[in-house]
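Make the full structure from the sequences, and use the hints.
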Amino acid sequence: MSHRLQTIDPALLTLGYCPWAIDPIIAAMPANLIKDNLRAIRNWRVWFHLGMADIRNRFARSFVGPLWIVLNLGLWVGGIGVIYAALYRQEIHQYLPFLTIGFVIWNFLTQTITDGGNAFVFAEGYIKQFTYPKQIYVLRVLVNSVVPLMIGTVIFFIVTLLLANPMGWGVFWAIPGFVMVLIAAYLHASIMAYASVRFRDLPHGMTSLLQVLFFVTPIMFPVSILKERGLDFIYQLNPLYYLIEVAREPMINLRPASTEVYAITAAYLIFLFIVTIAVAKRFDKRVVYML
Numbered sequence: 000m001s002h003r004l005q006t007i008d009p010a011l012l013t014l015g016y017c018p019w020a021i022d023p024i025i026a027a028m029p030a031n032l033i034k035d036n037l038r039a040i041r042n043w044r045v046w047f048h049l050g051m052a053d054i055r056n057r058f059a060r061s062f063v064g065p066l067w068i069v070l071n072l073g074l075w076v077g078g079i080g081v082i083y084a085a086l087y088r089q090e091i092h093q094y095l096p097f098l099t100i101g102f103v104i105w106n107f108l109t110q111t112i113t114d115g116g117n118a119f120v121f122a123e124g125y126i127k128q129f130t131y132p133k134q135i136y137v138l139r140v141l142v143n144s145v146v147p148l149m150i151g152t153v154i155f156f157i158v159t160l161l162l163a164n165p166m167g168w169g170v171f172w173a174i175p176g177f178v179m180v181l182i183a184a185y186l187h188a189s190i191m192a193y194a195s196v197r198f199r200d201l202p203h204g205m206t207s208l209l210q211v212l213f214f215v216t217p218i219m220f221p222v223s224i225l226k227e228r229g230l231d232f233i234y235q236l237n238p239l240y241y242l243i244e245v246a247r248e249p250m251i252n253l254r255p256a257s258t259e260v261y262a263i264t265a266a267y268l269i270f271l272f273i274v275t276i277a278v279a280k281r282f283d284k285r286v287v288y289m290l
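Numbering-wise, numbering that gives the first Met the number 0 puts 278 at position 279 of the sequence shown, and it's gapless, one number per residue.
Calculated pairs, DSS-like style, for lysine-lysine (alpha carbon to alpha carbon, straight line, at most 30 Å): (1) Lys127 / Lys284; (2) Lys127 / Lys34; (3) Lys284 / Lys34; (4) Lys34 / Lys280; (5) Lys280 / Lys127.
It is worth saying that the hints were derived from the structure and are not from the lab.
Quick look at the structure:
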């Protein structure tokens, strides 16, 4: 999402969006925010088309194309993984999968936060000219971020198989974890989308904050290193750690994450949901005037 959308793509008119054809059940619901979300989900062709168009535009005229996602991740994990495995005295066959999936989930979460901050700003042309639910542009961000997540997850399995690590049915415990990660990503992007229309410096500030958080979140180093040095609070107070761990633990150790991780992640999702409602209620009707 690197360009401002000022005109309406004619292809969207053929994607089945009918602003006047509102489902009676949806229309009867009292909460406008819930109705807008349901309308947006029902018109999945629109945000899916927009998200995929963003990915194509990102790699327009590139010889390698989306394979750059694979190359960047492979070079990063291959280079950093070998060095940091030695620095932290970790077994390479355990450390590389740990680093790979942690970095993939981190990238997904941070991309939805930063891109979410521009969701409405970059869709200014659509918002001012058409009556799509605004949540469509948040879901567009999610599509744009899910593709690298899926590619990165495939690379994780390839790395695991190449290193001859065990693989079993326990990996399916990651499914509820990834569902929680996706919900959190959507709520992050929604909060950022609304708040950034009012506070334009917010995406820049969050980018700087996330760069700092990256180095204190257990991605390149295991939690045990922090525990040994009495620095448990660094990850205990970091909600992004729990979002990573809820999906990473099943993929690495083929078992569900701890009850504490699930409980804190669920509590964080409830908190995000409340904040999303508060921010949307305050700014939803004013977005078009603030753009």
